[in-house]
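S.K.: Chain residues, written in single-letter form:
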Amino acid sequence: MDPQLDPRPPLHTPNHWELFVGMQQVALSSFGGGLSAWSERIVVEQRRWMGEQDFLTGLTVARLLPGPNQINMAVYVGSRFYGLSGALVALGGMLLLPFSLLMLLGLGYYYLHETLWVDRLLAGVITASAGMALSMGFKIAHSYTRDPVALGIAAVSFLAMDVFHVRLIPLVLVAGPLAMAWYWPRRTPQP
Amino acid sequence: MTPLLAHVCTPQSMGDWRHLLAVIWDFLSLSLFSLGGGNTLLSEYHHLSVDQYCWLSSRQFADIYALAEAAPGPSSMIVGLLGMGAAVQEGPLWGVLSGVSAELAILLPSTLLMVAASLSWNRLRDAPIRVAFERGLGPITLGILFAVGLKILRISDHDTPAYAVSAVVCVLMLRTKISPLWFMAVAGLLGGLGLVNR
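For the protein sequence lines, the chains are A and B, in the order given.
Heads up: the first sequence at position 125 corresponds to 125 in our numbering, and the numbers run straight through without jumps.
Each number in our numbering corresponds to the 1-based position in the second sequence with 1000 added.
The following block holds chain B by itself, in its conformation from the complex (with noise of 0.2 Å):
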């Protein structure tokens, strides 16, 4: 039997031009793939960066998931984030030329399908298609929305005082109207006073 736990993740060469193929054809082919706004693909970015590159560190994973949430623009930008990470260790200039290869790779795609979408929206509005594109695959996304953030919460949380701020903080995004922003700056002052750990 394959000791799967004791599994060693070594990163590979970006040299490695097939490598490199291989990279953008993950991120090329994800696009078409981010239904509900894009946050479905967290978990694959998770597999791809941490199990299957060894780009990044769980823990890794999860800091730059809040960063790209604290960050201005849109969250799904992390994807550049991610790049970065791929590269950094040969200089930050790779590591932004990466970042931005990532992010074009990843919007390419959705980007082309949006401008067609956009410009025959007249005809699709009542087919049957669209309307069968949307109520099935809602569901389909409302699963993986689930999955996604119980994942996220996994890689984050250790111990019962980050579960209970994790918890507290879902509530009030749920029941109020507070720019997320403020849960982050309270979550960080507690981080910095040591009263919630890794």
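Only chain A is shown next, with the shape it has when bound in the complex (with noise of 0.2 Å):
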């Protein structure tokens, strides 16, 4: 957009207490769902810290690379701004809540879960929890439906791990190289 268009305030770059404030605030809205919808909201929306290209540009990286999601996009806007000690601060704010009540309930489960109604309880929401695990792989799926290759590579690694028992890492050891020389850009001229 025209920046002389843009009624939004103009662009403000957070300090370090800043960063640990808003990404708090990101990770308390989220509560429930929603994260990576929350922290566009309050970081291009409300808190001006950068314009929705830089920010799209930071959900790119953050899927890319690896880590999870949400956190790796924690990292990306506190080192735009600091380095490391913005990616460690605004990771300490997105973190600090949810892992404290996680810890909370983890210490109820590991103490209760012997307790008949919440081992029946449970048994219910682990139906739910495997359905949804499930459907990760169906989630991405059709990406890949047009290409036999990629279809093919996703097969043997099925086989692999779930047949012969690979383990992760000396898997994406083989695979990873092969799969990306397959793919590597071939300076080929356009007709």
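Please note that a few of the clues may not be correct.
As the list claims (entries may be wrong) - Keeping only pairs whose Cα atoms sit at most 30 Å apart, straight-line, the calculated DSSO-like set for lysine-lysine is:
1. B:Lys1151 x A:Lys139
2. A:Lys139 x B:Lys1177
3. B:Lys1151 x B:Lys1177
These aren't lab readings, by the way, just hints derived from the structure by calculation.
Take each chain as given, in its own frame, and dock them per the hints.
M.R.: Next comes the structure, spelled out in structure tokens:
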């Protein structure tokens, strides 16, 4: 958008404390879901730390690189301003409250899981979470249906892990470079 | 022949510093292999915490996964719960300490890489290695996610009603935008009423 037509206030560079508090706001707002939507609303719309384009670039990098996407996004936002120290502050802000809550839940679980009603309740809940786990593959499968080589690579990776019990690290170390060689951009001139 | 099925899992003491270093090293090295947002690591977490180090039973692992999915915040924080399982029998303080250390170990390497990539993204954006990495690792991630989903399904469900609930949830996850928390609440109710069992 033409900056002169943009009615929003100008961009503002946060200091470390503002980063920490802002990321905490993102984490709190997203209790109940929709973390990436909330982080855009707060980082781009409300606090004006960066423009939409910068934010979208961050999402791309966060998805591409190893690590949980939302956590990588916090690291991106923080490191844009203060490198490593900014990244750690943003990460701390994003994780402090949810992680503390999770630790409390975990203690509750480890001390109570043999109680009959907790066990019964969880016996039900895990059937839903298993369904959610099963949906992860289907969710991204549509991007690959037109590429037989990609489907072949996916099938081999699946069989290696599920049938032959190959561990993740050796699997990625062997299949990764082969797949990357296949998809390495070729310098053939466009016709 | 070794009786594989009779394999007895005996937890090692965390007081042994070599053992502790081995555990930390395992999480540090897995960090850089968390493709597709981290869910690809779930099978490895199961392998480490159930088969290799005997912190949890398979049944507890299924519970922990559900707990991490239901709790607010990134579900990859499951590592904190695994770490807690390793030491919670020593007391709550050790449980929390161990949980925090496990979470730090799994996040540190990927965070450092992410900082480096964020700072040099302008050079990386059009580099051939970026394109090859994205297109090559995508299908591998797909295959692994199917294997992980099936693994979680196998350790969670043991009878027909349970599999039926999982199948319905899977379809609803793909076809609707209903919050997963609703599925977990309804399934929890079914469990509480004794309609689905382990």
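S.K.: What hint numbers does the structure not satisfy?
M.R.: none
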